[in-house]
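Enquirer: Generate the whole structure from the sequences, applying the supplied hints.
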Amino acid sequence: MEVDRDMSTRRSSTARRGTPAIDAEGLVRKFGDNVAVAGVDLEISPGEIYGVLGPNGAGKTTTIRILATLLRPDSGTARVFGHDVVSEADAVRGRVSLTGQFASVDEDLTGFENLVLIARLLGHSRKEAKRRADELLEAFGLSDAAGRQVKTYSGGMRRKLDIATSIVVTPDLIFLDEPTTGLDPRSRNQVWDIIRALASEGTTVLLTTQYLDEADQLADRIAVIDNGKVIAEGTPGELKNSVGSGVLRVRLRELEARPEAERVLSQTLGVAVETPSDPVALLARVSEPERVSQALAELSRAGITVTDFALGQPTLDEVFLALTGHPAEEGTYMIEEKTA
Amino acid sequence: MTTPANTSHAIAEDALRSALSSSKRPRRPNALSASLTFGWRAMLKIKHVPEQLFDAVGNPIIFTLLFTYLLGGAIAGSPGAYLQFLLPGILVQTVLLITSYTGYNLNTDISKGVADRFRSLPVWRPSVIVGALFGDAARYTLASVIVLLLGLVLGFRPEGGVVGVLLSVALILVFAFSLSWIWTALGLVLRTPNSVLWVSTLIMFPLTFASNIFVDPKTMPGWLETAVIFNPITHLVTAVRGMMSGTVLMGQIGWLLAACAGLVVVFAPITMYLYRNKK
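Protein chains in written order, with the numbering used here: chain A, 1 to 340; chain B, 1 to 279.
Incorrect hints may have been included.
Cut-off 25 Å, straight-line C-alpha distance, at most; resulting in silico cross-link-like pairs (PhoX-like, lysine-lysine) [claimed, not checked]: (1) A/Lys127 <-> B/Lys47; (2) B/Lys45 <-> A/Lys127; (3) B/Lys24 <-> A/Lys127; (4) B/Lys278 <-> A/Lys30; (5) B/Lys24 <-> A/Lys130; (6) B/Lys112 <-> B/Lys45; (7) A/Lys151 <-> B/Lys112; (8) A/Lys229 <-> B/Lys278; (9) B/Lys112 <-> A/Lys30; (10) A/Lys151 <-> B/Lys45; (11) B/Lys45 <-> A/Lys130; (12) B/Lys47 <-> A/Lys130; (13) A/Lys151 <-> B/Lys47.
FYI, nobody ran anything at the bench for these hints, they're computed from the structure.
Expert: Here you go:
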């Protein structure tokens with residue numbers, strides 16, 4: 001089926017109802033002896049924000065590079081809006097934009113020049129390219145820095161310019177590889193706002209992240225990836241249910257009280273209590289957070305003094321521990337950095 | 001309500017939404033237009049980082065002055081007499097020694113990540129390299145102008161006149177363009193930008209010196225003379241000398257253009273293959 005490539009009709013999805021934005025099956029990619037991607041399946045619907053969650057070296061970047069036509073898979077197939085990423089790479093490139101993990105902008109050029117360059121390469125006239133560059137700089141709060149070389153930009157500004165460059169022509173699908181890694185909280189919030197705005201205008205977003213709360217905040221669905229494989233997939237709610245909707249962390253004043261505290265907590269909360277390496281700490285995956293206050297009261301009734309407690313979302317490490325039985329960072333630093 | 005803070009770097013949400021919804025995908029640029037846009041990028045880089053022109057400006061001056069006065073008396077009896085023989089050769093040498101920049105820049109683009117963006121754009125793939133080579137033509141032209149001006153000041157008089165000189169420079173540019181594809185392929189194989197410069201210098205230094213740039217090959221030992229006669233740079237220098245002195249050696253020029261076509265036919269596909277499959 002010939003899929004309509006005209007942008008103006010992209011939101012009236014009648015032309016491709018039922019065609020997934022991404023449909024990948026059994027993707028494998030090796031670098032020497034290292035299997036970076038070991039059989040990844042993904043199906044992403046148009047308009048969705050899809051998060052790929054995993055530690056460094058899990059295969060996130062390699063997967064994105066295959067889907068963005070930058071890397072050929074050793075085996076498996078991937079289709080983007082029905083176009084094969086290998087045999088119809090050019091058609092795929094006409095629908096997607098990529099914002100890589102390392103700023104994919106020219107540091108010697110100014111912000112304005114970077115945008116005009118990409119606008120011209122996409123086919124805009126000189127005049128329209130300049131107009132579009134100004135419009136995007138304004139929208140991203142970068143007008144003041146428009147005439148400065150990108151090498152003078154802060155990390156947050158550079159990342160915003162990078163994303164702006166990706167939407168010179170609003171793509172049907174945008175790949176964002178760890179869009180907030182290394183950003184300060186304020187820039188991170190701005191990038192989140194941009195991602196939400198993109199999705200609300202109909203662009204499908206595939207983002208990778210190492211942060212569970214980021215995936216939780218943004219994504220409609222999440223795939224957890226480890227050692228090149230998808231080990232869990234679902235909505236943030238489903239994912240958290242599989243590891244407990246929250247984690248209670250408690251620190252005790254006295255070491256000796258831990259066995260008793262463990263018994264009290266597991267009884268009140270109705271879940272298994274873990275004993276991390278910290279000898280005065282206890283950790284419980286809580287499925288019913290409302291029971292937490294009761295559990296703390298029970299501890300105090302049993303004469304156990306708590307110096308510190310926190311109820312929070314499970315961290316990526318805890319999700320990994322629950323899903324895989326090993327912590328996220330364990331031996332997972334592999335050759336994913338493209339600037340090897 | 002989430003009004004963004006009114007600071008200079010804040011996101012203007014309404015502006016963002018309107019920017020997102022106002023974009024229509026234009027028709028793709030043709031191969032030439034995309035290449036010219038990449039050429040424009042190369043010019044912008046020269047504007048922002050003029051230091052990169054040091055050797056395009058410095059080499060011609062140093063080489064012309066040094067060799068004219070150092071060797072002129074010994075080889076031709078006087079610097080003035082030698083200059084008439086040397087200058088076309090120096091012109092060739094200075095341009096060819098700075099051809100490796102395209103490879104250097106390509107390697108830099110890849111290590112910085114901007115190449116990923118270019119590679120994910122729906123444009124004619126070689127345009128990024130062809131465009132960079134267009135930009136380099138500006139660098140070669142600048143070096144040529146400096147050599148020629150300096151030569152004229154020192155007393156070089158091309159009998160071939162303006163036409164002969166322009167044709168010479170054009171031939172050198174075509175050759176440099178073709179030769180650059182070797183360095184772009186190298187730029188995709190080697191790991192760092194500097195190693196591209198080193199390897200190309202290691203190749204070009206012996207090639208330019210073991211030619212007829214500085215002395216007549218007849219004065220060399222037989223084995224070297226044979227090597228020099230097969231050196232393509234010798235053919236280029238002979239053709240350029242001919243045109244500058246007013247004789248167009250059609251056979252020589254035809255041979256050179258065929259060699260240029262050969263270089264492009266072999267190394268352009270290798271470069272594009274490596275570029276397409278770059279990790």
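Enquirer: List, from low to high, the hint numbers that the structure doesn't satisfy.
Expert: none
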